[in-house]
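The hints should help you fit chain B onto chain A, whose structure is shown.
There are 2 protein chains.
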Amino acid sequence: MKNSTIPNWLKQRVYLTPDRLALTFQNQKWTFKQLWDNVQQYAGKIQTLSIVKGEQIGVLVKNDPSSVMIIHALQQVGVTTVLLNNRLSVSELSFQIDDANIQHLIFHDSFREKVTSIEQECSVLKTHSISELHSLAFSEITVEDTFTLDDVCSIMYTSGTTGNPKGVQQTYGNHWWSAIGSALNMGLSDYDRWLCAVPLFHISGYSILMRSVIYGIGVSLHEHFDEKQINQELQAGSTTIISVVSSMLQRLLVDLDEGHYHPRFRCMLLGGGPAPKPLLEKCKSRNIPVVQTYGMTETSSQIVTLSPEHSLTKLGSAGKPLFPCEVMIQTSAHSSQSGNREGEILVKGPNVTIGYLNRDEANEKSFSNGWFHTGDIGYLDDEGFLYVLDRRSDLIISGGENIYPAELEGVLLSHPRIREVAVVGVPSTKWGEVPCAFIVEDEDCNDIELSEFCKQRLASYKVPKVFVRIDELPRNASQKVLRRKLKELAGKEFQSI
Amino acid sequence: MKNSTIPNWLKQRVYLTPDRLALTFQNQKWTFKQLWDNVQQYAGKIQTLSIVKGEQIGVLVKNDPSSVMIIHALQQVGVTTVLLNNRLSVSELSFQIDDANIQHLIFHDSFREKVTSIEQECSVLKTHSISELHSLAFSEITVEDTFTLDDVCSIMYTSGTTGNPKGVQQTYGNHWWSAIGSALNMGLSDYDRWLCAVPLFHISGYSILMRSVIYGIGVSLHEHFDEKQINQELQAGSTTIISVVSSMLQRLLVDLDEGHYHPRFRCMLLGGGPAPKPLLEKCKSRNIPVVQTYGMTETSSQIVTLSPEHSLTKLGSAGKPLFPCEVMIQTSAHSSQSGNREGEILVKGPNVTIGYLNRDEANEKSFSNGWFHTGDIGYLDDEGFLYVLDRRSDLIISGGENIYPAELEGVLLSHPRIREVAVVGVPSTKWGEVPCAFIVEDEDCNDIELSEFCKQRLASYKVPKVFVRIDELPRNASQKVLRRKLKELAGKEFQSI
Chain A
37 MKNSTIPNWL KQRVYLTPDR LALTFQNQKW TFKQLWDNVQ QYAGKIQTLS
87 IVKGEQIGVL VKNDPSSVMI IHALQQVGVT TVLLNNRLSV SELSFQIDDA
137 NIQHLIFHDS FREKVTSIEQ ECSVLKTHSI SELHSLAFSE ITVEDTFTLD
187 DVCSIMYTSG TTGNPKGVQQ TYGNHWWSAI GSALNMGLSD YDRWLCAVPL
237 FHISGYSILM RSVIYGIGVS LHEHFDEKQI NQELQAGSTT IISVVSSMLQ
287 RLLVDLDEGH YHPRFRCMLL GGGPAPKPLL EKCKSRNIPV VQTYGMTETS
337 SQIVTLSPEH SLTKLGSAGK PLFPCEVMIQ TSAHSSQSGN REGEILVKGP
387 NVTIGYLNRD EANEKSFSNG WFHTGDIGYL DDEGFLYVLD RRSDLIISGG
437 ENIYPAELEG VLLSHPRIRE VAVVGVPSTK WGEVPCAFIV EDEDCNDIEL
487 SEFCKQRLAS YKVPKVFVRI DELPRNASQK VLRRKLKELA GKEFQSI
Chain B
37 MKNSTIPNWL KQRVYLTPDR LALTFQNQKW TFKQLWDNVQ QYAGKIQTLS
87 IVKGEQIGVL VKNDPSSVMI IHALQQVGVT TVLLNNRLSV SELSFQIDDA
137 NIQHLIFHDS FREKVTSIEQ ECSVLKTHSI SELHSLAFSE ITVEDTFTLD
187 DVCSIMYTSG TTGNPKGVQQ TYGNHWWSAI GSALNMGLSD YDRWLCAVPL
237 FHISGYSILM RSVIYGIGVS LHEHFDEKQI NQELQAGSTT IISVVSSMLQ
287 RLLVDLDEGH YHPRFRCMLL GGGPAPKPLL EKCKSRNIPV VQTYGMTETS
337 SQIVTLSPEH SLTKLGSAGK PLFPCEVMIQ TSAHSSQSGN REGEILVKGP
387 NVTIGYLNRD EANEKSFSNG WFHTGDIGYL DDEGFLYVLD RRSDLIISGG
437 ENIYPAELEG VLLSHPRIRE VAVVGVPSTK WGEVPCAFIV EDEDCNDIEL
487 SEFCKQRLAS YKVPKVFVRI DELPRNASQK VLRRKLKELA GKEFQSI
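From first to last, the protein sequence lines stand for chains A and B. Under the working numbering, think of the first position of the first sequence as 37, with each following residue one higher. Under the working numbering, think of the first position of the second sequence as 37, with each following residue one higher.
By construction, these hints were calculated from the structure, which means they are not laboratory data. Careful: at least some of the hints might be erroneous.
Unchecked claim - Using 25 angstroms as the maximum straight-line C-alpha spacing, the simulated DSS-like pairs for lysine-lysine come out as follows:
| id | chain 1 | residue 1 | chain 2 | residue 2 |
| --- | --- | --- | --- | --- |
| 1 | B | K491 | B | K466 |
| 2 | B | K350 | A | K47 |
| 3 | A | K466 | A | K264 |
| 4 | B | K521 | B | K150 |
| 5 | B | K350 | A | K69 |
| 6 | A | K98 | A | K69 |
| 7 | A | K521 | A | K313 |
| 8 | A | K65 | A | K98 |
| 9 | A | K350 | A | K401 |
| 10 | B | K350 | A | K350 |
| 11 | B | K523 | B | K491 |
| 12 | B | K466 | A | K350 |
Predicted, not measured: the structure shown is a model, and the values here were computed from it.
Next up, chain A with everything else stripped away, as it sits in the complex (with noise of 0.2 angstroms):
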């Protein structure tokens, strides 16, 4: 009882440390106070689309200041944002507005396009661009004291290895626990200042927002991952901490060059997906101060974290769990916390998801005893640090944004001209990988209709970068096809891309 409600922390925030830094964006910076007299706007304005309490509201944002307090805005108005990906295609896109029942749509004006296209699917959808918005009446809005941690806060949407994409709930107390879990491993200063280049509608830019609240810390958004303007703001002393993913570390590196990072730069927090062990030992020898990760939207971000004393003895290791979460290796025989067993990764901790939306299947299958199955492969070695080995088997990691081979597989096999089709993902030097088909004909047809076919269907980084034709798949005695096979096929065919 004591614990249900936490005092509405953007609210709070700006009472404790108003004149704080809040954000930057460009030449552009805002106090807390500052900040806060925006999201009231925002709140004000969304507030008179007569909107329910409690219901989703689907936003199509992207890094940029007035997404920042429309998110926050959100919050404050009480109802559930989903965070919708703007690299989707349409048709992906309107299965989400469907899936979560998404009456009210915000969406940047750059988007425009895209979001006429989605109202012809989504007949019943009303959609506001944000300078739409801005032209409205505002209302004074009665924002509340307090967060109830169990209300569902945001709703991202994940794939699985098979079947539709799901929207996994997090709630007040998901992020805050995650922002309190991440303080403790890590640390927390004043003078902090967090860089987001990462995209605000995946989990990993989202919580550096509610961190930013909770800590009384800056956020220093970036639209886009600009190697040289991100490694001349670290090396100016500015940003304390940066999330990225190993391909963006590897961009870092190169542009850097002989250059030195400044000693208040303290954390380079990488997250999606394991990092190439030559990445993580040029850093070690240059004197970076790598802390990885691991994690997922289910986990509303970081969950196991290797200390900063141990990123250097137990380099390839993800690390030990956040101090309020839990981490067990589930194997077909039993269950244990360290003995070097390999089998699926299970975690526990107050900012683990309660569910996936409208899924009692999935969520049956996904939880038992409060142990949220994350179906990826590791093992804890005698000390208890874990180490991935495979995420979720079959799943392609390209520049940060998780691909499922199953959906890719789904849209390939209802082109009329193919037969079977298995994707895998392939080394790439830009984007750590990307996926691969392998496809067996019914009748002929080229690279660029499959490319077109796809694109038309998916969003444009889930497109296959190589087509290649196979008379069977691989498959094992219950013919389930050995993706590792195609793998070391696709490693064998190809230079990595």
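For chain B alone, coordinates are given in the frame of chain A:
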């Protein structure tokens, strides 16, 4: 539901960072792993005492490593620890032991004499000295993986303006959130170390032990407050934070003279009652990072704290609530969260006690709608900074210990030759305040006799330092003693003591 447990914090800490420094005392050091080994030993021995989970165990300890280990061991065994103030008299201690229904008392060997007297008053009590514990056989203990946030972890007694002392129940959740709230305000760093020269049986000391484990930082434990030794440590830079009351700060300043603290020393956490302004100004001019706080046993340590950036501009204020907390002023007319109106200070937050042990009436009076009535008087300025004017109107704070006049008056009134009595605090350079008793005699009785009479019944710090004979006590129309009048009178009669 999600938040009802957290990992067993000492076990989790040992798993996460076994080799970090946990405790120093004189020339000895313990890492978390070493502390854990000792704690397990104690827990395994305590377990053999036929203790029932959840029962209240009394501890009469002092600031030394074995006491730290026993405090942790009792959490591992799963009982509630009643922390007895080792400066109390036998009858005061016996009252608490009886009130909390304590069956087992663990005591430091140095208190054997006191315990022998207690045994005579509490016939069913089983007592165990620490050296006796050592000689017990060790039985392997299965520690729980989690702590339940709502379970009562510790009980500490406080007195009110009337009636007997009351046991304040502090849950695991109270201690957890107290540590989190403090970290969000003060920041947190790998190299932090917290100096504890305040008693472990007070919330000021006990909370340092909890923060150490939750944050993964070391405690530098001191048996006594020795300003020379402590100044040396703060100048050397090994310690970054210290908890003090104003009389301690005063002594540190005198000893420091023209010296300077190490730049790493970042927080002089000043609690235990209002601080004299000249003292704060002196610290300001000497660039000593004083962080003023307001808290009490019932709030499991700090609840209102002055953020570092306001320490200069809001001198004399206790600051603003910790992030998870709220504060409100209640006047007879209405409640408010700003506006300069004087009234009772009400606080709310997950660190606030769930209530007094077996005191339905007091609990009903003290809590309303989740708000705790502190009994203290203060106001909030226009920006929401709290100013504490009076602590429970007649409370005397002497060297960080609370002295309740009602308690002393009760003792003195039981003297056959005293008709009326009123106790007030008079200023003391060394202790902040000391108690002064105004008495109306039936027959003559001398100071030595009165002093001796009190010493037999009260902790020595509570014994009035001065007795003033008076013909009658000043009273208002409704016959309430005018304590303010007595304070004025005392101020005129004495120089500062």
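Taking the hints in turn, this is what the structure says about them:
1. Our distance criterion of 25 angstroms between C-alpha atoms is met by K491 (chain B) and K466 (chain B), whose separation comes to about 21 angstroms.
2. For the suggested pair K350 (chain B) and K47 (chain A), the alpha carbons sit about 21 angstroms apart, so the restraint of at most 25 angstroms is met.
3. For the hint linking K466 (chain A) to K264 (chain A), the alpha-carbon distance of about 16 angstroms falls within 25 angstroms, and the restraint holds.
4. Pair hint K521 (chain B) plus K150 (chain B) does not hold up; C-alpha atoms about 39 angstroms apart against a cutoff of 25 angstroms.
5. Pair hint K350 (chain B) plus K69 (chain A) holds up; C-alpha atoms about 19 angstroms apart against a cutoff of 25 angstroms.
6. Distance restraint check for K98 (chain A) and K69 (chain A): the Cα-Cα separation of roughly 23 angstroms lies within the 25 angstroms cut-off, and the hinted pair is therefore satisfied.
7. A distance of roughly 23 angstroms separates the Cα atoms of K521 (chain A) and K313 (chain A); the hinted pair therefore holds under the 25 angstroms criterion.
8. Among the hinted pairs, K65 (chain A) with K98 (chain A) is consistent with the structure: their alpha-carbon atoms are about 18 angstroms apart, no more than 25 angstroms.
9. Simply put, K350 (chain A) and K401 (chain A) have alpha-carbon atoms about 32 angstroms apart, too far for the 25 angstroms limit, and the pair is violated.
10. A C-alpha spacing of about 47 angstroms is found between K350 (chain B) and K350 (chain A), which places the hinted pair above 25 angstroms, so the restraint is violated.
11. Of the supplied pair hints, the one linking K523 (chain B) and K491 (chain B) holds, its CA atoms being roughly 23 angstroms apart against a limit of 25 angstroms.
12. Taking the CA atoms of K466 (chain B) and K350 (chain A), the gap is about 53 angstroms. The hint is violated against a cut of 25 angstroms.
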